[in-house]
Structures are given as structure tokens and as C-alpha cells.
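Participant: Each chain is listed here by its residues.
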Amino acid sequence: MKKLKNMLLGAAALTALALPAAAQTNVKIGILTDMSSLYTDLAGAGSVLAARMAVEDFGAAAKGIKVDFVSADHQNKADVGSNVGRQWFDVDKVDVIVDVPNSGVALAINEIAKDKNKVFLVSGAASSGLTGAACSPNTVHWTYDTWALANGTGSAIVKTGGDSWFFLTADYAFGHQLEADTAAVVNKLGGKVLGAVRHPLNANDFSSFLLQAQSSRAKIVGLANAGGDTVNSIKQAAEFGIVRRGQNLAGLLVFLTDVHALGLETAQGLIMTEAFYWDQNDASRAFAKRFSAANKGIHPTMVHAGVYASVLHYLKAVEAGKSATDGKAVVERMKAMPTDDPLFGKGVVRKDGRKIHDMYLFEVKKPSESKAPWDYYKLRATIPAAEAFRPIADGKCPIAG
Amino acid sequence: MPDIFGIPPQALFGQLLLGLINGSFYAMLSLGLAIIFGLLNIINFTHGAQYMMGAFTAWMLLNWLGISYWWSMLIVPVVVGTFGVLIERTMLRHLYKLDHLYGLLLTFGIALIVQGMYRDQFGSSGLPYRIPDALRGGTDLGFMYMPNYRGWVVAVSLVVCLTTWFVIEKTKLGAYLRAATENPPMVQAFGINVPRMVTLTYGFGVGLAAFSGVLAAPIYQVSPQMGADLIIVVFAVVVIGGMGSIMGSIVTGFGLGIIEGLTKVFYPEASATVIFVIMAIVLLLKPAGLFGRVR
Amino acid sequence: MSGTGGMPRHQQILFGCMVAFLAVAPFVIYPVFLMKVLCFALFACAFNLLVGFVGLLSFGHAMFFGGAAYVAAHGAKVWGLPFELAILAGTATSALLGLAVGALAIRRQGIYFSMITLALAQMIYFFALQAPFTGGEDGLQKVPRGKLLGMISLQNDLTLYFVVAAIFLAAFLAIYRIVHSPFGQVLKAIRENEPRAISLGYKADQYKLAAFVLSATLVGLAGSVKSIVFQLASLTDVHWTMSGEAVLMTLVGGMGTIFGPIAGAVVIITMQNYLAELGSWVTIVQGVVFVACVLAFRRGIVGEIARAIRKPL
Chain A
1 MKKLKNMLLG
11 AAALTALALP
21 AAAQTNVKIG
31 ILTDMSSLYT
41 DLAGAGSVLA
51 ARMAVEDFGA
61 AAKGIKVDFV
71 SADHQNKADV
81 GSNVGRQWFD
91 VDKVDVIVDV
101 PNSGVALAIN
111 EIAKDKNKVF
121 LVSGAASSGL
131 TGAACSPNTV
141 HWTYDTWALA
151 NGTGSAIVKT
161 GGDSWFFLTA
171 DYAFGHQLEA
181 DTAAVVNKLG
191 GKVLGAVRHP
201 LNANDFSSFL
211 LQAQSSRAKI
221 VGLANAGGDT
231 VNSIKQAAEF
241 GIVRRGQNLA
251 GLLVFLTDVH
261 ALGLETAQGL
271 IMTEAFYWDQ
281 NDASRAFAKR
291 FSAANKGIHP
301 TMVHAGVYAS
311 VLHYLKAVEA
321 GKSATDGKAV
331 VERMKAMPTD
341 DPLFGKGVVR
351 KDGRKIHDMY
361 LFEVKKPSES
371 KAPWDYYKLR
381 ATIPAAEAFR
391 PIADGKCPIA
401 G
Chain B
402 MPDIFGIPPQ
412 ALFGQLLLGL
422 INGSFYAMLS
432 LGLAIIFGLL
442 NIINFTHGAQ
452 YMMGAFTAWM
462 LLNWLGISYW
472 WSMLIVPVVV
482 GTFGVLIERT
492 MLRHLYKLDH
502 LYGLLLTFGI
512 ALIVQGMYRD
522 QFGSSGLPYR
532 IPDALRGGTD
542 LGFMYMPNYR
552 GWVVAVSLVV
562 CLTTWFVIEK
572 TKLGAYLRAA
582 TENPPMVQAF
592 GINVPRMVTL
602 TYGFGVGLAA
612 FSGVLAAPIY
622 QVSPQMGADL
632 IIVVFAVVVI
642 GGMGSIMGSI
652 VTGFGLGIIE
662 GLTKVFYPEA
672 SATVIFVIMA
682 IVLLLKPAGL
692 FGRVR
Chain C
697 MSGTGGMPRH
707 QQILFGCMVA
717 FLAVAPFVIY
727 PVFLMKVLCF
737 ALFACAFNLL
747 VGFVGLLSFG
757 HAMFFGGAAY
767 VAAHGAKVWG
777 LPFELAILAG
787 TATSALLGLA
797 VGALAIRRQG
807 IYFSMITLAL
817 AQMIYFFALQ
827 APFTGGEDGL
837 QKVPRGKLLG
847 MISLQNDLTL
857 YFVVAAIFLA
867 AFLAIYRIVH
877 SPFGQVLKAI
887 RENEPRAISL
897 GYKADQYKLA
907 AFVLSATLVG
917 LAGSVKSIVF
927 QLASLTDVHW
937 TMSGEAVLMT
947 LVGGMGTIFG
957 PIAGAVVIIT
967 MQNYLAELGS
977 WVTIVQGVVF
987 VACVLAFRRG
997 IVGEIARAIR
1007 KPL
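Chains as they are written, first to last, in our numbering: chain A, 1 to 401; chain B, 402 to 696; chain C, 697 to 1009.
It cannot be assumed that every hint is accurate.
[Claimed, not checked] Computed list of lysine to aspartate or glutamate pairs in EDC-like fashion (alpha-carbon distance at most 16 Å, straight line):
#1 C:K838 / A:E111
#2 A:K116 / C:D853
#3 A:K365 / A:D279
#4 C:K838 / A:D115
#5 A:K116 / A:D326
#6 C:K773 / A:E111
#7 A:K296 / B:D521
[Claimed, not checked] Just so you have them, the derived chain B footprint on chain A, three or more residues with Cβ under 8 Å:
#8 206-212
#9 229-238
#10 253-261
Source of the hints: derived by calculation from the structure; they are not laboratory data. All residues carry an ideal CB built from backbone N, CA and C; glycine is no exception.
Start from the sequences, fold in the hints, and give me the full structure.
Facilitator: Below is the structure:
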């Protein structure tokens, strides 16, 4: 009898020892993105693909992490997005929501993830408020934000002599913020803002606004808008000879897919700030090759790259902690570990949730300089990580203090 | 010259001209909508999607078959118009005796389907279309730099609108059309195939939308969303002009383009809303629109 | 069930089933999803009160839905109003707005009525976009749910669900009473033949205005509750496509039926929820539903059933 009891105890002890090694960590990733309107090309299905590639490259299965995916379209509506988010966290047991290219939706998810103690990895949304007043211990803002874009493009242009500005601003919160952030940089460096015109979203015709920009005689026309509005303003600026008559355009929020949509003939000479370009080094080129093969030939934007890299870093943190259930703990681990991935190189996640890396100032090539399809950018300058993002003290993030 | 409300008169002339150019799109689109409403009694909410199809068809012809802009102006309205004829034959004709609402909902549903399919095929950020070489460049008018292509748009649109008006109001064919609007059985009794006439009218209205799409392709981005928001504005133009009134929609189209242009100078934020303000005022003062008859 | 007095037997049974379902459902189905359905069902029922029983098709009901959502959210978040007062404030705003809009709009008929409501709704949208307190496209976020009667916390989804279900049932019964009251009979008479109703001595305009205000008020109630449930009020709520959704739900369910709009809301919201993963195919599927409804089921789901069993539902 005693023998049997000892055997049983021994067996129990053995299993107890063996369990942690064989135990599997489950992770469910929800990709919440725009699949039916403005941002479909720069995020959309490509973001889902990027997340899958990250899981594959991490070798999750071999490391005992079982990953499931769900994805949904938030239609750029905060209520649709928050609805999906709640349901994912409460019912579908999603551990982390990724991407969310729309600031309004992202701010809503930011709150829900905090409430439910899950993780939110932002790639597509621009609002610098996510690591400012609205910052959360459960959120990491990976790719870019309005401050970084304004700072990169604004300071580079003022320093090369573009010291008087006129803004074409989308009459929306993000447009206003982009304009305000850029104007602050321009003023700080001794430039002048001569005026601004606020246009409704999806305005279609920009000729009237461009004419106002022209008569302001500003050297630089700053486009504080996004998507179709930016594309149409650039297209019509070319038509009205804005650039030929001595003014320059600065796109404050332009993505690779926008340049593709415009064509080089129209977009040439445009200057913009981005966090990633596919033709930077061997690793990024290899990534782009795999990515575009599975994505109708569309090359990765910085949003796609951000989804890839943030998921990779998240999985590292989950592996280290052997659990994905406590969102705050996972994010703390993400902040404690330095980041290192093939697309953004080495970097850190700051206390306020801001991912820090170099940003790049690109110029769109002339048609004659482009050697291959999607060969669009040349590098003008690298903005070192230390200067690329808003200093932590200026963000007034309560958890960073 | 003294400034007008703080704006130099030269700049104001420029803005008026630009308003006129935008107005020519409103005029052509609302014309098609008005013709369709006049004869079919249907509010064609697919109009925006058909305008978008026009632009895309021009793009496909150029990029896949190498067919130039000029040929597109002829081919595209026929192709998209045929699509319209198919819709009329298979779906719309079951709805003529019903409330307006059903036609509106059906065409709105078709618009959702069409836009969804184009987005699935071509993505959301749109495609570039080059301005044809003969119309590139611009002319300095003194008060502004006028791209030649925009001048071309105004000219073509005026010709198309006035020709359509002439055919409907002054020719025998137009007389049959108008008669069929008032009393279909009577016209049928004269030996005219009214259902066929209705079908062709719908096809023509759709063709006009597609033609506007071709004209728009070099200026605006060719994207699946390009007609989605336009439709309620154009519909408002038709209502202001008087539903079913041909001249009403032409004049109102150009007029509202100019008013919108002025709003872009004095209160740009409201430029997307001003048309609705005008619509509310007009409907309260003149229930049938500026040029419409109560029926 | 005192509120169901006067309901025909088959409607009583259906109503009983609905109450039973609402009592059990949250233990099986995700409560937040159910609350969304209930808010939109109320929206559609109130919209149907106007289009189904008076024959006035409004294209601008988003202004009442969204307007109330903003006021309720602002009240709860900035003024610190308790749950009941926030909802009351939103609903009252819609009622007043309904009075002003209705007074203008009922002077026109048919498509012109629809267009005036659309035009006024676009102006409210513009106001919501420009006014500083609405937060632009980010909307009003982090709206506190508060406590019921100052005691019961509504942070728990299940608790809030039962409150929302109670509000919904009360509003549903109110609509039923309105439709079947003498007042409702006059409305139907106006829908069928306005000149005759006038010649019988009814002041048609006053009746129409009253119906418009009632409809706007109940839509406002739906909007206020929605903003508290989702802790969010945004431009989506006042956009013209929101008015379109009310039309769609009513049409799919069955215009002029009592239970139809509820069925329509269930179908549409479920579709939006579970098709969200289809990505760009969502709009295509929605379009197909539109087309199929207009061509094949013009009376809507409940309307077709009612016709099959020859009893009003």
C-alpha cells in the first residue's frame, strides 16, 4: 500500500516537473483594420499578412506558442471598431489587437484594452495622443505618429530654406493636429506660417484651395490631410502648375501606396517622412519580396512593416513570460526588452508606450530615376531615433512620470 | 480695383471660374439623373457608381488595350450605358408602379455591389490617368493660370448639356419622350414602343454619367469611392432645380458650382454643406424646386 | 402583462416569446451585442412609427439619433449627470429638435419631405463636425456608464443589459399604444387619404407634427442609450448613412408592421457583426440584401409572414 502511494506521489511529482516544459502558451491575435475604404491598401489585408509572417518567422509553434488569428474591418467607424474590440476580448478571448489605421477607432480600442487588461499594438493610427494624454500601460504605439511626421518633414524643409508655409488642412481632428504640430516646428526654427485653409473631408476638388495657397506666396504648401484628399491635392497641384511656379509641396501623411496611386510623373519631388521603405537593405528587400508575392504585388508600407515588427516583439515578450493573459505584464516586458527586428533594427519601447527608432526623410524619384516597379523613393536624410519622436516630458503621459 | 470682402477681384474671378468648372460636372450628372427621373420615375442612386465605372472603363481601355482618351469618350458611354440597359431590363422595370423609395433602394443596393467589386479588384487608393497630350499645359489668363484641360471640360459639358436640352425640348423624338412621361398608354397607341424608349432613356442617362466619369478621370483620382459621396450632392442639385426639369438641372448645376466655389473662399469648412442649406431654403420657399412644376 | 391589454392573442404570444427570449438571451449570447441590437431595434421601431404608420419617409433621422447620443455622452462625461438624467437630457434634446425640424418638414410631402429632412440632418452633421465639444472624428470617448438610481453600478454588462432591455420593452409598448390609440387611427387615415382626413375635420398637420416629435423623441432615447452602452458618441451616429440604416432595417423587417423593425434590426446588425471578417465583401453582401429585398420580399420578413398567416404582426 505504502509502495503504491509512493509511486503515485513520484508520478505526480514527475508530471509536475514535466508540465512547464511541455505546456503550451496560447495567443490569439486580432487584426482590426480597414478593409473597405480609404486605408485598405496601406493597411487592410496586408496587415493580416504581415502579422502571419511575423508568427511564422518567430517560429511560434516550435517555441510552444500556439497562435490563432481573427481579423475584422472597422470601416473607420469608432463604434464599429469598439464593438468588435469588446467582443474579441470578452467572447473570442483575443489577447492582443493589432494595427487599427484610424485615430478615432484607435483611441476607443486603447480604452477598452486598458479596461480588460489586454494588449494593443498600434501601427496604422497617427494620433500622438495615444502616447500623450491618452497613454495606457497596455498600449504600444509602434510605427509613427503625427508629431514624428510633422517634426521630420517640417524641420527638414525649414532647414533647407522652406521657411514660409501655407497649410491645406482636412477639417478633422487629425488634420488640425498635424497642422498644429508642423506649425510649431516651423515657428520654432524661425519659419513663418502665412495661413491655412480647412477643407471638408473627401473634398474631391482642391483647385480653389490651391489657388488660395498660391496667392499666399508661401514657399511651401503643407498638406495636412490623408488618403484620397492628399492624392487629389497633389494631382491637382501638378495640373495648376503650383510647383512649376516656384512653390513646393510637403505631404505630411503620405504612404507608399499613395505614391503608387499618383504615379511618379505627378508625385516626383514630393518630400515626406516615413519609418520604413522596402528598398532600404537586404532584410527589407527580402521581406518585400515575400510580402508582395502574397499581396497582389502591393509592396509593404510602413504600416505593414510596423505590424510585422510589433507582433514579433510581442511574441518575444510572451515567450519570456510564458503567458499572454496579463496584458499589462506583457507590455511591461516589451518595454524592458530592447527591440531588434529585421525591418526597424535595434530600438526600444519607451515608458509611455512609444516605440523609438530612426525615421527617414524620403524624396519621390523622377520617372527617369526609377528602375523597377515600386522603385519610388530616394533617401534624403535619416532622423536619428533620439530626435525622431516627441520628448517623453512633452507628451504629458501620466504613466511615464 | 478695391477688394471685395477682403479678396482681390482677380482672385475672385479665378474662384468663380473654378466654380463654373466644378459646376459642369454637377450639370452633366444631374442632367442624367433628371432625365431618368422624368421618364422612369426612379431616383437613380447608382448614378455615382456609374460615373465611377466610366472613369475606370477609360482607365482599363487605356492601360489594357491602349485605347486613347478620345476613343474612350465614345466607347465608354456605350459600354457603361449597356450595363445600365441590362439593369433596367432585368430589375428596374418591375418597380415603375411602386413608390420612389423602392427604386432608390434598389439602385442604392446596386451601387454598393458595384463599388465593392471595384474596390476588391483595384484597391482603394485609386489609379492615375494622364491628361491627353493635346490638352496638357495651361494658359495664363492674367488673374489666374488656367489648365487647358479644365477649359476643355467646361466647353464639352456645355455642348453636351445644351444638345441634350435641345433634343428633348425641340425635336420630335423629344416630344415623344415628354409625351410618354405624361401618358404612356397614349403614346403606345401611336405605335411607339414605350418600354424600349424607357430602356434607351435609362441607358442614355447612365451613358451621360459614364461620360462625366471619362472627363473626370484625368483631374480626379480614379478610385472606387469617387462617386459615392457625389451622389447625394448631385441629387440635391436635381431637387433644387426641380425634379425632372432638364433646364433646371443644367442651370442649377452650374449655379451651385459657382456658389460652392465662393463658399470655398469665404467659409471653406462649410463648402460641403452649403448645397444642403440652399436645398432646405428652396424647398421651403418653392416646393417644386426652382424650375419644376408641381405634379 | 398589463401593457399588452388590447393586443390580439397571436401578438400577445409573440410578445411573450420576445420577453422570454430577452430574459434568457444574455446568458447564451454576448450581452453587449444584444444591447446593440436592442438600441437599433428601438431606432428602427421609432422610425417605422413615422414611415410605416404616417407614410412620412425621413432621410434625416440620424440627426435625432446622433444629436441625442452627443448630448447624453456630454452630459454623463462633462457635466457628470447620473445615468437617468443623461439619457433624459439626450431624449429631450431630440424631442425639441424634432419639434423644430418637424414644423418645417411636414409642410412638404413625398420626396420633398424626405429631402428637407436630409438637408437639415446634413446641417446638424456640419454642426457636430464644427462644434468643439463633439471631438471631431474622434468623437466623445470614455463616457462613464454611471449608476442606476445612484446605487447599482452599470459597469457590469449583464446589469446594464437588463436595464436596456427594460427601456426597450417600455418604449416598444409605448409605440404599440400610440399606433393602436385613436390618435394612431387618425394617423393611418391621414396616410391613406390626407384630404379626406382633413375634410373630416382633423387637423392633419398637427397630427403629423405630433407623430414626428414622438418618433424623434424615441429615436433620441435609442441614441442616448447607445452612447452610454458603448461609452462613445461619434460622427457615425449623425452621418446620413445612419439614416439609411434605419430605412434598411425597417424595409428588411417589414414597413408598417409592429414587430418588423425588430426583426430587421436583428438581421442587419447580426450581418454587420459576423460579416465584419469578410472585409471588402461586406458592402457587396449588403448590396445584394438590398436588391433581393426590393425585388423579392418587398413586404419584408415580418410583412411576408403576416401575409402568409393572414394576421397583422
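Participant: Does each hint hold? Answer for all of them.
Facilitator: Now the hints, each set against the structure:
Annotation: proposed proximity of C:K838 to A:E111 holds, straight-line Cα distance about 7 Å (limit 16 Å). Under the criterion of a C-alpha separation no larger than 16 Å, the hint pairing A:K116 with C:D853 is consistent with the structure, at around 13 Å. For a cut-off of 16 Å, the pair hint linking A:K365 to A:D279 stands: about 13 Å separates their Cα positions. Distance check on the hinted pair: C:K838 and A:D115 sit about 11 Å apart at the alpha-carbon level, within 16 Å; holds.
Between A:K116 and A:D326 the alpha-carbon distance is near 10 Å, which keeps this suggested pair within the 16 Å criterion. Pair hint C:K773 plus A:E111 holds up; C-alpha atoms about 15 Å apart against a cutoff of 16 Å. Taking the CA atoms of A:K296 and B:D521, the gap is near 11 Å; set against the 16 Å cutoff, the hint holds. Counting residues of the region 206-212 of chain A whose C-beta sits closer than 8 Å to any C-beta of chain B gives 5, which meets the bar of three, so the coverage hint holds.
Here's how the region 229-238 of chain A fares: 4 of its residues keep a CB closer than 8 Å to some CB of chain B, so the rule of at least three is met and the hint holds. For the region 253-261 of chain A, the stated coverage by chain B holds: 4 residues have a C-beta nearer than 8 Å to a C-beta of that chain, and at least 3 were required.
In this structure, none of the earlier numbered hints is contradicted; all agree with it.
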